[in-house]
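Novice: Sequence:
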Amino acid sequence: PEIGSFHNGTEVVITISGEFSATDYKIFFGKTECAFSAGTAVKDNGETRLTVSVCSMPAGTVPVMVQIIPMGYAHLASPYTRAEFRFTQALKVTGTSVADGSTW
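In case it helps, our numbering puts the sequence shown at residues 0 to 103.
Watch out, some of these pointers could steer you wrong.
Distance condition first, Cα-Cα at most 25 Å in a straight line; then the derived SDA-like pairs of lysine to any residue [claimed, not checked]: (1) LYS30 to THR14; (2) LYS25 to GLY8; (3) LYS30 to ILE68; (4) LYS42 to THR14; (5) LYS30 to ILE67; (6) LYS25 to VAL41; (7) LYS30 to PHE19; (8) LYS30 to GLY8; (9) LYS42 to SER16; (10) LYS91 to GLY29; (11) LYS30 to PHE5; (12) LYS30 to VAL12; (13) LYS25 to GLY59; (14) LYS30 to THR80; (15) LYS42 to HIS74; (16) LYS91 to GLU32; (17) LYS30 to PRO0; (18) LYS30 to SER20; (19) LYS42 to GLY8; (20) LYS25 to THR39; (21) LYS91 to PHE35; (22) LYS30 to THR9; (23) LYS30 to LEU75; (24) LYS30 to LEU90; (25) LYS30 to LEU49; (26) LYS25 to VAL61; (27) LYS30 to TYR72; (28) LYS25 to PRO69; (29) LYS25 to ALA58; (30) LYS25 to ASN44; (31) LYS25 to SER55; (32) LYS30 to THR60; (33) LYS25 to LEU49; (34) LYS30 to MET56; (35) LYS25 to THR50.
The following label-pair restraints were derived from C-beta to C-beta distances [unchecked claim]: (36) THR50 to PRO78: 21 to 29 Å; (37) THR80 to GLY100: 46 to 54 Å; (38) THR14 to ILE68: 12 to 20 Å; (39) SER96 to SER20: 49 to 57 Å.
Everything labelled a hint here was simulated from the structure, so no lab data went into it. Note that beta-carbon positions come from the ideal geometry of N, C-alpha and C, so glycine has one too.
Build out the structure end to end from the sequences listed, making use of the hints.
Specialist: The structure is reproduced here in structure tokens:
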């Protein structure tokens, strides 16, 4: 999904051309590195699909970047060339209250 929330347990699936070791990746949502479990990588037909749980980060829209160790950032997912893919962390409101005045 392009929109979700850490609080709702949103998972993002990233597909990369090429088959690399599952421990060779770092996934960033903006400047925040989200933990990646090597057990969620699936290799199939020359592609690798990574399932990443959205981590706690400020609300807003950020680029999604993938670093492949030791080669560098994936094409279209780099802070240096261009991060084509974006994700919006939705704000979760857990309650409201009236600080002053009336509820009418």
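Novice: Confirm or reject each hint.
Specialist: Evaluated hints:
no. : hint                        : result
1   : LYS30 to THR14              : holds, 20 Å
2   : LYS25 to GLY8               : holds, 19 Å
3   : LYS30 to ILE68              : holds, 17 Å
4   : LYS42 to THR14              : holds, 10 Å
5   : LYS30 to ILE67              : holds, 16 Å
6   : LYS25 to VAL41              : holds, 16 Å
7   : LYS30 to PHE19              : holds, 23 Å
8   : LYS30 to GLY8               : holds, 20 Å
9   : LYS42 to SER16              : holds, 10 Å
10  : LYS91 to GLY29              : holds, 19 Å
11  : LYS30 to PHE5               : holds, 16 Å
12  : LYS30 to VAL12              : holds, 19 Å
13  : LYS25 to GLY59              : holds, 21 Å
14  : LYS30 to THR80              : holds, 15 Å
15  : LYS42 to HIS74              : holds, 18 Å
16  : LYS91 to GLU32              : holds, 21 Å
17  : LYS30 to PRO0               : holds, 19 Å
18  : LYS30 to SER20              : holds, 23 Å
19  : LYS42 to GLY8               : holds, 24 Å
20  : LYS25 to THR39              : holds, 13 Å
21  : LYS91 to PHE35              : holds, 23 Å
22  : LYS30 to THR9               : holds, 18 Å
23  : LYS30 to LEU75              : holds, 16 Å
24  : LYS30 to LEU90              : holds, 18 Å
25  : LYS30 to LEU49              : holds, 19 Å
26  : LYS25 to VAL61              : holds, 16 Å
27  : LYS30 to TYR72              : holds, 14 Å
28  : LYS25 to PRO69              : holds, 11 Å
29  : LYS25 to ALA58              : holds, 21 Å
30  : LYS25 to ASN44              : holds, 22 Å
31  : LYS25 to SER55              : holds, 16 Å
32  : LYS30 to THR60              : holds, 12 Å
33  : LYS25 to LEU49              : holds, 11 Å
34  : LYS30 to MET56              : holds, 9 Å
35  : LYS25 to THR50              : holds, 12 Å
36  : THR50 to PRO78: 21 to 29 Å  : holds, 22 Å
37  : THR80 to GLY100: 46 to 54 Å : holds, 52 Å
38  : THR14 to ILE68: 12 to 20 Å  : holds, 18 Å
39  : SER96 to SER20: 49 to 57 Å  : holds, 50 Å
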